[in-house]
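Novice: Could you build the full structure based on these sequences and the hints that come with them?
These are the residues of each chain, in order.
There are 2 protein chains.
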Amino acid sequence: MEREFDVVVIGAGPAGEVAAGRLGEAGLAVALVEAELVGGECAYWACMPSKALLRPAELLAEVRRVPGLTAHGPDPKLVLERRDEVIHELDDASQLPWLESRHVTLVRGHGRLDGERRVTVGADVLLARKAVVLATGSGAAMPPIPGLAEAQPWSNREATTAASVPESLVILGGGVVGVELAQAWSSLGSRVTLVEGMPRLLAREEPFASEQVESALREAGVDVRTGGKAVSVARGGAVTVELEDGSVATGVELLVAVGRKPLTAGIGLESIGLEPGKPVEVGDDLRSAAHDWLYAIGDVNGRSLLTHMGKYQARLAADAILGKQVELRSDGALSPRVIFSDPQVAAVGYTLAGAEEAGLRVRAVDVGTSANAGGSFVGRDAPGTSRIVVDESRRVIVGATFSGAEVAESLHAATIAVIAEVPLETLWHAVPAFPTRSELWLRLLETYGL
Amino acid sequence: MEREFDVVVIGAGPAGEVAAGRLGEAGLAVALVEAELVGGECAYWACMPSKALLRPAELLAEVRRVPGLTAHGPDPKLVLERRDEVIHELDDASQLPWLESRHVTLVRGHGRLDGERRVTVGADVLLARKAVVLATGSGAAMPPIPGLAEAQPWSNREATTAASVPESLVILGGGVVGVELAQAWSSLGSRVTLVEGMPRLLAREEPFASEQVESALREAGVDVRTGGKAVSVARGGAVTVELEDGSVATGVELLVAVGRKPLTAGIGLESIGLEPGKPVEVGDDLRSAAHDWLYAIGDVNGRSLLTHMGKYQARLAADAILGKQVELRSDGALSPRVIFSDPQVAAVGYTLAGAEEAGLRVRAVDVGTSANAGGSFVGRDAPGTSRIVVDESRRVIVGATFSGAEVAESLHAATIAVIAEVPLETLWHAVPAFPTRSELWLRLLETYGL
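Read top to bottom, the protein sequences are chains A and B. In terms of this note's numbering, the first sequence is residues 1 to 450. In terms of this note's numbering, the second sequence is residues 1 to 450.
Each hint should be verified, as a subset may be incorrect.
Intra- or inter-copy, both count: the list cannot distinguish identical chains.
[To be verified] Capping the alpha-carbon separation at 20 Å, the derived lysine to any residue pairs in SDA-like fashion look like this:
| no. | residue 1 | residue 2 |
| --- | --- | --- |
| 1 | Lys-324 | Thr-426 |
| 2 | Lys-229 | Ile-145 |
| 3 | Lys-324 | Gly-268 |
| 4 | Lys-278 | Ala-289 |
| 5 | Lys-324 | Glu-425 |
| 6 | Lys-261 | Val-365 |
What the hints contain is simulated information worked out from the structure, not anything from laboratory work.
Specialist: Written as structure tokens, this is what we have:
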């Protein structure tokens, strides 16, 4: 069957859903093609289940900092039940009314480009009058380590949806996924070994964040091994991972979390002269330079592998298709980002090192995240540092990193300051309420010299 | 003894301390006069102890929203011990090193103006070469209700430092103090009756905030009585309060929280031709129009009775004394403010009604505070509303109110947006991280029409 739409979106993860919904709301005829679950990786196998696994232990730590309460847990059975509830038992029915109310036609099956503005889904053909939007996301990268493939490793999918707590777990990769899942499973009773080839965890973030997270993981009982890559893997019942220095790590399960690869193979890119398996390159308007009817949003374009950035790109791409002038103003490594470890790490814009590498004339100032009156009540005495990176020539903040207990909601103030390029002299008049930990802003500006 | 300083600051509460410290840091010779405790009302008898009393129950409520933990409490004994720790057992020794390191001379005693740039403290005379800063704060107002004075009512002081939980408590006044202390003592086991003459609690905030707080207090067992003033009070063992409609409220203790009066009697205002007992009027540079050497900061000037605003005014006044051009850019009813009830209420700038009264052409949009992915993990299913008030002619946010569980730290983003007058079109590019509740910003802007 051949059907015609204004726009065909391939992939119903967060980015694809938002693009389709926004276009549908604007009155366009939209087809949204999905081979698995509407909601995508994030909703079922990444952001959402990992937070469900992490939150109880994070909250328990806060309870222990506040005299007057006694608490026990986390109870793995209840936590896993709540995780199952959060991922809707891998059923996407609850996502559908949102699409239906926006008149988006959901097409279940594997979408594949078949030349210009033409998408096949099995025997069906979808023609796009205006645009095709690629939003097929990313999958876990598997490094070519001898024995790894044969050892049946977990990706983020198995690691976020496991039906029980593995007695022990080796994790390859100390980035966001590795750190969050080390924390989560350790808090539920697993004996976790976390292996990172780089000298430190969370290598893209400020060094103080890496140190605090590593130290907290060690205190929680995680065996953290940095600075040595895995060289071989063998499974004989349990999994044994050999590291560069000859030491070994063993676990009942092995999670590989060393990066992501865009899911661009098998979607017909070759039919329009693009190379499968690579990110689909787009400009700041999310449009392919090669085809003016082709957009790529979310992980598939390789710019910023974060759900909220995919959704942001989706809004812009939809607006571009609707004829508006659009431009990404938040992108790549400078995107706002939160790591839900304990301490949490929330950052936007440049790290100090990143700004210096970019050639900016910057100065960083640091204060303790809980070193203020608000810290007597929330995150009391917990480790944490707040840093702003100031562009000295323009006196605006070009980067900020907060580490500490429950700092995730504190990021947005920095995101606004960075994106709007609010001058320090104006921020000085934005008074943080007493006694909240937001007074760290006051301390930062005072320390800077205001 | 007669001594000369550059600046004499009367009152070592938050505002006085900050002014003295900032001037001392800048190298000026500063005397800071305090009759009671360095740190002031806020540190010992207001903000700090009330938050110590409130935090455990707030946290317990969050634990009950997160499956996987069991918790008990709050244990009044432990909570009161922590409260005593927070107020340093009413000992200000820990405040002194901060002043000493800034070379501020602390003068203990009752400071009193005695003509131009002259302050007496008992037999001592302090001469001010440059300026005198009044920062004597405010005290609880006592309304002229028959029998009230004789009934030995509590002010905020007794209510925040009580050595045990009163079996029952009547509170007159449903503003911030009344609401927070109703919540606090109720959570520790007291039977509380909260009486407010106005038709609703927190009358200056958005109506939805009043409704949600009132409803939560009722659910917690507080007997809330709005719309009827107290007409008489009698104590015979317990206290009996008679209301306008003839009904009565009884309690072992009675807290009066109907407002504050500036502490300007007995400080020698008459010696410079100003009227004692009234707020000391100042301009946007915190300077008296009557005397160019006289500044008044904090509650004493009546502009904004909030600790953080007093400290803000202190920074500006100090800078003005140091010769800088300064101007209040955040003031009065538009100041950022947080009420630590559960749900919390955090607001900055105008309410919708306030903006309309001010003649602005505005539109408000509302979303549920936890109606986003982040709300699956923090403040799950808790009541709460987030509202922005948009100035339609300039397309900037002139007011924001957040109600809900733990929204206090979410306010600063709005404060920056309001103070910096960030256009909605720019805020649209400030992407909230997924899955945090800060995505309420995305929903607000989408609902507005971006």
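Novice: Between copies, within a copy, both or neither: which fits Lys-324 and Glu-425 at Cα up to 20 Å?
Specialist: Answer is between: at 13 Å across copies they meet the 20 Å cutoff, but 34 Å inside does not.
Novice: Classify it for me, Lys-278 with Ala-289: is the Cα-Cα distance of at most 20 Å met within a copy, between copies, both or neither?
Specialist: within (15 Å within a copy, 70 Å between copies)
Novice: Which holds for Lys-229 with Ile-145 at a C-alpha limit of 20 Å: within a copy, between copies, both or neither?
Specialist: Classified as within; 10 Å inside a copy, 77 Å across copies.
Novice: With identical chains treated as interchangeable, where does the CA-CA distance between Lys-324 and Thr-426 reach 20 Å or less: within a copy, between copies, both, or neither?
Specialist: Between copies only: 15 Å across, 31 Å inside.
Novice: From the Cα coordinates, with 20 Å as the cut-off, is the pair Lys-324 and Gly-268 best called within, between, both, or neither?
Specialist: neither (28 Å within a copy, 66 Å between copies)
Novice: I want to check one pair: Lys-261 and Val-365. Are their C-alpha atoms no more than 20 Å apart within a copy, between two copies, both, or neither?
Specialist: neither (36 Å within a copy, 40 Å between copies)
Checked against the numbered hints listed earlier, the structure breaks hints 3 and 6; every other hint is satisfied.
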